[in-house]
Amino acid sequence: MRRAKGIDGRVAELEGTLEALDREISDAARTAAEAARVIAVPEAWRSGAAPGGSDAGPDVWDRTRLAFAGLVSAVADRVDKAMAPLQDKPRPTPRERIRLALADFLSKSWTRQRKPQAVSLDQALVLANRLHGLLAERRKRMAALRHTMESDLVTLTGHRSLLVDNLVSAAGDGSQVTGASLQVEQYLQAVQDMTASLNRQLSDMNVLFNKLTIESESAIVLAAVLAEEGTEAKTERSLDRALLPHLAPLFDLKDRDLLSSIEIARRKEKIDARFQATFARAGGVSDTDSRTAGTQQEATHA
Amino acid sequence: MPERIAQIVRRLFGAIGRGFGLLFAALAWPFRTTQGWYGRRGWLVKGPLLAVLVLFVGLYGYFFWQTQVWTNFDPDFVEQYRWSERTTAAGQEIAAPAPAPSDAATAPTTTETVAQQCQSSAIVDVVADLTDVNVNHNAWISSMLLYRLGLFGIDWDNTPFLDNKASFQRGVNQTVRRTSVELVDTLARVRGTSGINNDLQDARNNLQFDEYSWYFGLSPFGPKTPTPSYYRTAIEDFRKFNADLGACNATFDARADNLVQFLDRIANDLGSTSAILRERSENYNAGWFDTRADDRFWFAYGQLYGYYAVLSAAGADFSGVIRERNLGPLWGDTLTQFRAALRIQPAIISNGREDGWIMPTHLATMGFYILRVRSNLVEVRSVLDR
Numbered sequence: 001m002r003r004a005k006g007i008d009g010r011v012a013e014l015e016g017t018l019e020a021l022d023r024e025i026s027d028a029a030r031t032a033a034e035a036a037r038v039i040a041v042p043e044a045w046r047s048g049a050a051p052g053g054s055d056a057g058p059d060v061w062d063r064t065r066l067a068f069a070g071l072v073s074a075v076a077d078r079v080d081k082a083m084a085p086l087q088d089k090p091r092p093t094p095r096e097r098i099r100l101a102l103a104d105f106l107s108k109s110w111t112r113q114r115k116p117q118a119v120s121l122d123q124a125l126v127l128a129n130r131l132h133g134l135l136a137e138r139r140k141r142m143a144a145l146r147h148t149m150e151s152d153l154v155t156l157t158g159h160r161s162l163l164v165d166n167l168v169s170a171a172g173d174g175s176q177v178t179g180a181s182l183q184v185e186q187y188l189q190a191v192q193d194m195t196a197s198l199n200r201q202l203s204d205m206n207v208l209f210n211k212l213t214i215e216s217e218s219a220i221v222l223a224a225v226l227a228e229e230g231t232e233a234k235t236e237r238s239l240d241r242a243l244l245p246h247l248a249p250l251f252d253l254k255d256r257d258l259l260s261s262i263e264i265a266r267r268k269e270k271i272d273a274r275f276q277a278t279f280a281r282a283g284g285v286s287d288t289d290s291r292t293a294g295t296q297q298e299a300t301h302a
Numbered sequence: 001m002p003e004r005i006a007q008i009v010r011r012l013f014g015a016i017g018r019g020f021g022l023l024f025a026a027l028a029w030p031f032r033t034t035q036g037w038y039g040r041r042g043w044l045v046k047g048p049l050l051a052v053l054v055l056f057v058g059l060y061g062y063f064f065w066q067t068q069v070w071t072n073f074d075p076d077f078v079e080q081y082r083w084s085e086r087t088t089a090a091g092q093e094i095a096a097p098a099p100a101p102s103d104a105a106t107a108p109t110t111t112e113t114v115a116q117q118c119q120s121s122a123i124v125d126v127v128a129d130l131t132d133v134n135v136n137h138n139a140w141i142s143s144m145l146l147y148r149l150g151l152f153g154i155d156w157d158n159t160p161f162l163d164n165k166a167s168f169q170r171g172v173n174q175t176v177r178r179t180s181v182e183l184v185d186t187l188a189r190v191r192g193t194s195g196i197n198n199d200l201q202d203a204r205n206n207l208q209f210d211e212y213s214w215y216f217g218l219s220p221f222g223p224k225t226p227t228p229s230y231y232r233t234a235i236e237d238f239r240k241f242n243a244d245l246g247a248c249n250a251t252f253d254a255r256a257d258n259l260v261q262f263l264d265r266i267a268n269d270l271g272s273t274s275a276i277l278r279e280r281s282e283n284y285n286a287g288w289f290d291t292r293a294d295d296r297f298w299f300a301y302g303q304l305y306g307y308y309a310v311l312s313a314a315g316a317d318f319s320g321v322i323r324e325r326n327l328g329p330l331w332g333d334t335l336t337q338f339r340a341a342l343r344i345q346p347a348i349i350s351n352g353r354e355d356g357w358i359m360p361t362h363l364a365t366m367g368f369y370i371l372r373v374r375s376n377l378v379e380v381r382s383v384l385d386r
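Top line first, the protein sequences correspond to chains G and Y. Note that the first sequence covers residues 1 to 302 in the numbering used here. Note that the second sequence covers residues 1 to 386 in the numbering used here.
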């Protein structure tokens with residue numbers, strides 16, 4: 001039986017996958033930019049390379065986004081777990097407990113890999129910091145790439161007839177105009193599909209980013225409270241901002257007393273619902289998480 | 001001798017006459033044969049055939065009409081907006097007019113909430129209107145069935161006929177697409193701190209849709225949504241954004257660096273169009289018979305038409321930046337260059353030699369105007385960059 005990966009292993013794997021995906025996207029964008037600059041179908045496309053990167057690109061992102069969502073959920077789960085003792089929730093009745101246990105049993109996935117878990121609030125904050133850095137940089141890079149690609153696409157579609165002419169003259173056979181026209185249409189469609197895929201990625205990243213931010217804010221507030229009470233062990237590193245550089249703006253908010261649990265709760269419902277809607281259907285959120293969605297507190301598991 | 005010359009001339013004209021006669025007979029032969037065959041059929045056969053013929057003539061008549069009549073084509077249409085009367089840059093709050101003394105006396109003493117009003121974007125107005133003219137006031141030629149079918153299978157763009165309006169529309173559309181991309185990612189958001197506006201993003205996505213889509217397509221095979229439907233939705237998205245902006249619920253960041261980036265994109269666009277014109281003008285000299293010269297020319301004309309309107313609007317939206325940087329005269333000069341380029345409207349496009357004396361070279365002339373405009377834009381950019 002394969003041993004379940006730890007959080008670090010999962011993050012490292014995620015970084016590796018994203019790096020490969022980004023390289024592919026950048027290569028495709030560079031080729032499209034070259035095509036737009038000279039208004040000609042590049043050699044790479046003619047020799048069979050897909051203009052929008054390999055066809056596996058969207059599938060890779062589909063898997064990666066779920067892994068990302070799983071890690072963000074791990075942060076959220078840990079925050080909820082730490083928060084539970086502070087909440088004065090009514091105990092479930094025996095009937096409710098049986099129903100929940102049954103639902104939990106039925107929804108268990110026996111084959112799926114175990115979901116990642118953060119063992120302490122401290123680790124949750126360190127994980128949030130890493131994911132924050134990863135997301136923020138990639139989002140910025142992808143937004144710039146999307147802008148460039150869309151701009152190139154405008155140029156290419158505008159000069160489509162010239163692309164056809166150039167393709168025909170490059171092939172040296174004037175009788176293949178119709179075929180060339182179809183080919184150019186397919187190339188442009190592939191570039192357009194890629195920009196659409198970038199848009200989807202950005203949209204997913206925005207949802208992840210918002211969820212991660214709100215959970216990080218909760219964790220910072222909670223860590224401060226627990227540190228005062230001495231409830232959570234090893235919380236001293238959690239608030240060491242030197243170790244959490246990507247969360248520095250959130251610490252600044254805390255310093256200026258702009259982070260409060262009421263304010264967080266107000267924004268959390270909407271963000272959780274969006275996260276749930278984006279990732280639960282695709283299976284990125286754990287079964288327990290999607291099952292318990294419904295009330296404000298339950299939604300935080302997303 | 002004169003008798004002999006007269007005989008030769010008579011023979012020559014006789015031969016020409018016979019040639020025309022044969023040509024006419026050859027052209028008329030299928031119709032005359034069909035007419036004979038048609039005359040002998042009953043109405044069960046005649047009726048459907050007649051219906052098909054009427055449909056065919058009707059469709060081609062409509063197609064011909066649509067390609068030749070350019071409704072609301074007016075290079076001066078920007079004058080109607082009266083942007084010079086605007087005093088507030090796009091996205092800025094409009095100061096409420098001070099109440100007249102008589103009104104002040106009767107004004108309620110309790111605090112009343114006055115709805116906040118911001119200046120809407122002239123650029124967004126103009127791109128919505130350009131698209132409106134393209135798909136609502138006129139038929140979108142590139143996705144019409146008969147345009148897609150071509151002339152006996154030859155793409156209309158490869159013939160000298162009926163493709164001028166299509167190329168012009170695509171040129172205008174290119175400017176609208178370019179502007180929408182810039183609006184989403186640069187102009188209509190505060191960089192790094194505000195999200196992308198959903199209406200503008202929808203507009204951009206709709207405008208990116210293929211320009212040649214009819215109700216049915218072969219690749220992929222099956223029914224499709226035609227191009228104009230997408231563009232019409234984009235118009236609504238633009239209007240929605242502007243309504244939100246007018247109510248101060250959206251953002252328009254009229255900053256100098258945003259204007260610089262926008263001008264860069266436009267200058268690049270014009271640069272690549274001028275390169276295309278130069279390539280055609282240098283390498284092909286078929287004069288009136290260059291079948292590709294007309295679509296190159298009208299595409300470039302469409303771009304200039306669109307950018308003239310968009311930049312006129314940008315002058316209003318970025319009025320604050322233009323005033324601060326003292327760009328007024330240079331900006332005005334750029335627009336004058338655009339307008340001068342739009343004066344060239346030849347009935348038939350000729351791509352003769354640059355030093356030719358019988359056939360003009362409209363492509364070189366258009367290229368010259370585009371480069372003048374481009375150099376003005378570069379100058380504006382350098383002033384903004386200082």
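Read the hints as simulated data drawn from the structure, not as lab findings. These numbers come from a predicted model, not from an experiment. We put the beta carbon where it would ideally sit given N, CA and C, even for glycine. Please note that a few of the clues may not be correct.
[Said to hold, decoys possible] What follows is a list of derived Cβ distance ranges for each label pair:
no. : chain 1 : residue 1 : chain 2 : residue 2 : range
1   : Y       : N136      : G       : R266      : 41 to 49 Å
2   : Y       : F216      : G       : V119      : 27 to 35 Å
3   : G       : Q186      : Y       : G39       : 45 to 53 Å
4   : Y       : V57       : G       : V38       : 20 to 28 Å
Violated constraints from the hint list, given by number and in increasing order: 2 and 4
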